[in-house]
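Visitor: One-letter residues, chain by chain:
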Amino acid sequence: MEGPAADLMFARGQMALSLAFHIVFAAVGVALPALMVVAELLYRRTNDEIYLQLAQRWSKGTAILFAVGAVSGTMLSFELGLLWPRFMAFAGAIIGMPFSLEGFAFFTEAIFLGIYLYGWERVSPRLHLLSGVAVTVSGAFSALFVVLANAWMNVPSGFKVRGGLPVDVKPLAAMFSPGWAVEVVHVLLSSYLATAAAMAAVHAAFLLRDPHSRFHRGALRIAMLFAVPAALLQPLSGDFSARAVAIRQPAKLAALEGQFHTERGAPLRLGGWPDPSTHTTRYALEIPHGLSFLAFHDLHAEVRGLDSFPVDDWPETRVVHVAFQVMVGAGSALALVALWWVGVWWRRRSSGRSMPYPNEDRTLLWAVALSGPLGFLALEAGWTVTEVGRQPWIVYGLIRTGAAVTPVAGLGVPFALVGVVYLGLGIVVAVLLGRLFLKTGAAHVG
Amino acid sequence: MWGEPALLGAVILGALILYVLFGGADFGGGVWHLCAVGRRASRQRALIADAIGPIWEANHVWLILVVVVLFTGFPPAYAEISTRFHAPLLALLLAIVARGSAFAFRSASGERTRERRGWGGVFIGGSVASPLLLGMIAAALVAGDVDAGLTPARLGWSGPWLTPFALAAGLFALALCAFLAAVYLTVEAEGAPDLQEDFRRRALASGIVCGVLALATFLLSEAGAPRVYQGLSIRRWSWPLHGATALAAVSALLAVAGRRFRLARLAAAAQVALVVLGWGASQYPFVVVPDLTLAAASAPRATQTLLLATLGAGALVLFPSLRLLFRVFKSRPR
Chain A
750 MEGPAADLMF
760 ARGQMALSLA
770 FHIVFAAVGV
780 ALPALMVVAE
790 LLYRRTNDEI
800 YLQLAQRWSK
810 GTAILFAVGA
820 VSGTMLSFEL
830 GLLWPRFMAF
840 AGAIIGMPFS
850 LEGFAFFTEA
860 IFLGIYLYGW
870 ERVSPRLHLL
880 SGVAVTVSGA
890 FSALFVVLAN
900 AWMNVPSGFK
910 VRGGLPVDVK
920 PLAAMFSPGW
930 AVEVVHVLLS
940 SYLATAAAMA
950 AVHAAFLLRD
960 PHSRFHRGAL
970 RIAMLFAVPA
980 ALLQPLSGDF
990 SARAVAIRQP
1000 AKLAALEGQF
1010 HTERGAPLRL
1020 GGWPDPSTHT
1030 TRYALEIPHG
1040 LSFLAFHDLH
1050 AEVRGLDSFP
1060 VDDWPETRVV
1070 HVAFQVMVGA
1080 GSALALVALW
1090 WVGVWWRRRS
1100 SGRSMPYPNE
1110 DRTLLWAVAL
1120 SGPLGFLALE
1130 AGWTVTEVGR
1140 QPWIVYGLIR
1150 TGAAVTPVAG
1160 LGVPFALVGV
1170 VYLGLGIVVA
1180 VLLGRLFLKT
1190 GAAHVG
Chain B
455 MWGEPALLGA
465 VILGALILYV
475 LFGGADFGGG
485 VWHLCAVGRR
495 ASRQRALIAD
505 AIGPIWEANH
515 VWLILVVVVL
525 FTGFPPAYAE
535 ISTRFHAPLL
545 ALLLAIVARG
555 SAFAFRSASG
565 ERTRERRGWG
575 GVFIGGSVAS
585 PLLLGMIAAA
595 LVAGDVDAGL
605 TPARLGWSGP
615 WLTPFALAAG
625 LFALALCAFL
635 AAVYLTVEAE
645 GAPDLQEDFR
655 RRALASGIVC
665 GVLALATFLL
675 SEAGAPRVYQ
685 GLSIRRWSWP
695 LHGATALAAV
705 SALLAVAGRR
715 FRLARLAAAA
725 QVALVVLGWG
735 ASQYPFVVVP
745 DLTLAAASAP
755 RATQTLLLAT
765 LGAGALVLFP
775 SLRLLFRVFK
785 SRPR
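Those sequence lines, one after another, are chains A and B. The end of the first sequence is residue 1195 by my numbering, with every number in the run present. The end of the second sequence is residue 788 by my numbering, with every number in the run present.
If you are wondering where the hints come from, they were derived from the structure by calculation, not from laboratory data. From the three backbone atoms N, C-alpha and C, an ideal C-beta is built for every residue, glycine too. Honestly, I wouldn't trust all of these hints.
Quick list of the computed label-pair ranges, beta carbon to beta carbon [claimed, not checked]: (1) A/H1028 with B/G766: 54 to 60 angstroms; (2) A/A930 with B/V666: 55 to 61 angstroms; (3) B/R655 with A/R871: 29 to 35 angstroms; (4) B/L720 with A/L985: 55 to 61 angstroms; (5) A/P927 with B/R716: 54 to 60 angstroms; (6) B/A767 with A/L1185: 34 to 40 angstroms.
Where chain A lies over chain B, by a calculated footprint (3+ residues, C-beta under 8 angstroms) [claimed, not checked]: (7) 529-538; (8) 653-663.
Non-contacting residues of chain A with respect to chain B, defined by C-beta distances greater than 12 angstroms in every case (computed) [as the list claims (entries may be wrong)]: (9) T795; (10) N899; (11) P927; (12) D1024; (13) V1091; (14) L1119; (15) Y1145.
Start from the sequences and build out the full structure, keeping to the hints where you can.
Guide: This is the structure:
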């Protein structure tokens, strides 16, 4: 393949690949330290060895995942320029601020992670625990700052354009573009949910085999401490997000709902396959007035369809709609499992039997185990919705992705190289984590 | 002279110096990992891994800081550099990704010897390639307009980073990293005199290689990068700077020879810092030679001012944290 169209495709492919790869490690880097800190806190409180083993196992996992997250993040900071120099020449001055702050947050995270991972025997218990807290807090700040930059790409603000150049730049206003808080909360919750649900699944699976293991029960309880609230709050946060998108990025909303025509009292479509050539979304289960209600909290509100935008400005609605269905479906399933867990806990609360009780909660454990991958599935699908849904714009309504791409031709080679390297890294990480987390834990039964 | 652009330029150069002093020494660790031979090979490797382990991730954030300050403070320069040097930057990134993950994977493979050795190999490859490429890119950046038509129409793997001058500069950077690492490791090896002697010999050898390559780079710059040559030879500050660098280099070598290892560490760090400073100074006031000066590439003033304030505030968190990290892992004799 040759030519500018192919190069744009390779550039988008490489960026998508790099982001999809990095986001997994970034999310784990935000959330796993929190689990690790809770385990260590429990150990310091109770002196129960299983919590120490747990904290150390999670910290080994963090060591591998953080290293890959750090290098894939370094890669991204360069790829912004390697692939999208014209975007960065325009936007660097406007959104560089959150990236610079992220640099510091990441620095702090790396420093205290070093102390945490290698300092078990070198620093006092108090400093060790505090280092873990510092890693957790700076991880959350890292996520916050990066998402601020993404929020600006969705809703650019804090500058004016004159002669194709940004003028009157107000970096603080640009940093907190409208809707930033909604997106930040959604992303943070997704990180905790995806990571905690995956860890919970591993330990639930072990409990099915070995119901009395105190190690796995302790691990599962800590993981569910994060997964349950995150799973229950995420649909609420999703509702806020959808309404923000409805107001500020109507074309994205239309694409993710498969809404081709502007209408009042628009239905909510579950599933279905949008067909841009006929302007219809087929095979969907339609809930009358559902979309108008969800997007505007009004059964008769008007929802703009894709047909109110030039065809050139349409996102790839098939990808966006399907990704959105996947995200909502996976998120809902996780929320249901969380509700189930809460229900059992509520009934159990007076009997003094902790959760999960050996041999009693097997179906629930199966549900937790099977829903393990759903958090990461939703996370990837959600980023697909927001990134592909913003197309054809790299900065919504202002710079087209095709105008931002590097003039360097022949991008197939970098795409292939990066693809091969990330594929290899992914396999290695999977094998190493498999070894670490799929250890039977038999030695740990307390 | 000291407006926002110059201050930010100084911050970038300062962060680069710190990157070379800390991250560069990690690369050098990879070189000595490769050269570990004889009866003490595995102990040498263990010393290197212990020295790098807790701090390498923090050491490499300096590079990210350089990049973000560059694209926030001087966006057109970032765009131009990443367009012009697409191929070598991509190679550099792949090397950084490979060495960083291989180092973590190596630690995670525990007692599996073959696997450990494999990751060790990847770590070495990445550690050698990274400073080589960094030196080549830095050299091509200052060389500027020697080759016409720098902005490539298509991705090419040859370019101004493959001139004799750039290659010499790449090798020089590699040798400097190796020298720095060997000197640091003599201090890390306190309490193990045999290892200390191993790294003392390596420090002396690599220090001499550094001197030879420095001379070669300087001589080649006359043809390869006239502007640098000029900058390095006729400006008011050039000879004092060279003098200071030479003084630091000679002191470092003498201190290593005389087994004053802590003094040698200080002198070697000063030497390397002065080399990077000299590189930066020789291209001042350009960010991208000869197209963009600091002033021409500057972001709007509001951004630069806020960025400087942010960097100041960030430093208040960063430096105490770094101090703690190094106090925990680097202060006690082993």
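Visitor: At the C-beta level, are B/A767 and A/L1185 separated by a distance inside 34 to 40 angstroms?
Guide: holds (38 angstroms)
Visitor: Examine each Cβ of chain B, and state whether all of them lie more than 12 angstroms from the Cβ of A/T795.
Guide: Per Cβ check, A/T795 is outside 12 angstroms of chain B; nearest 27 angstroms; holds.
Visitor: Do three or more residues of the segment 529-538 of chain B come closer than 8 angstroms to chain A, measuring C-beta to C-beta?
Guide: This one holds; 8 residues, not fewer than the three required, reach chain A with a Cβ under 8 angstroms.
Visitor: B/L720 and A/L985, beta-carbon distance inside 55 to 61 angstroms?
Guide: For B/L720 and A/L985 the Cβ distance comes to about 57 angstroms; the hint holds.
Visitor: Hey, is A/V1091 genuinely clear of chain B, shortest beta carbon separation above 12 angstroms?
Guide: The claim stands: A/V1091 keeps its Cβ more than 12 angstroms from every Cβ of chain B (closest is about 36 angstroms).
Visitor: Confirm or reject the statement that A/Y1145 sits farther than 12 angstroms, beta carbon to beta carbon, from all of chain B.
Guide: holds (19 angstroms)
Visitor: Taking 12 angstroms as the cut and beta carbons as the points, is A/L1119 off the interface with chain B?
Guide: holds (28 angstroms)
Visitor: Look at the Cβ atoms of B/R655 and A/R871 and judge whether their distance stays inside 29 to 35 angstroms.
Guide: This hint holds: roughly 30 angstroms between Cβ atoms.
Visitor: Between the beta carbons of A/P927 and B/R716, is the distance compatible with 54 to 60 angstroms?
Guide: holds (55 angstroms)
Visitor: The output says A/D1024 does not contact chain B. Does that hold with a beta carbon cutoff of 12 angstroms?
Guide: Answer for A/D1024: holds, closest chain B Cβ roughly 37 angstroms.
Visitor: Are there at least three residues in the segment 653-663 of chain B whose beta carbon sits under 8 angstroms from a beta carbon of chain A?
Guide: violated (count 0)
Visitor: Could you let me know if the closest chain B CB is still more than 12 angstroms away from the CB of A/N899?
Guide: Given a closest Cβ separation of 15 angstroms, the condition holds.
Violated hints amount to a single one, hint 8; each of the other numbered hints is respected by the structure.
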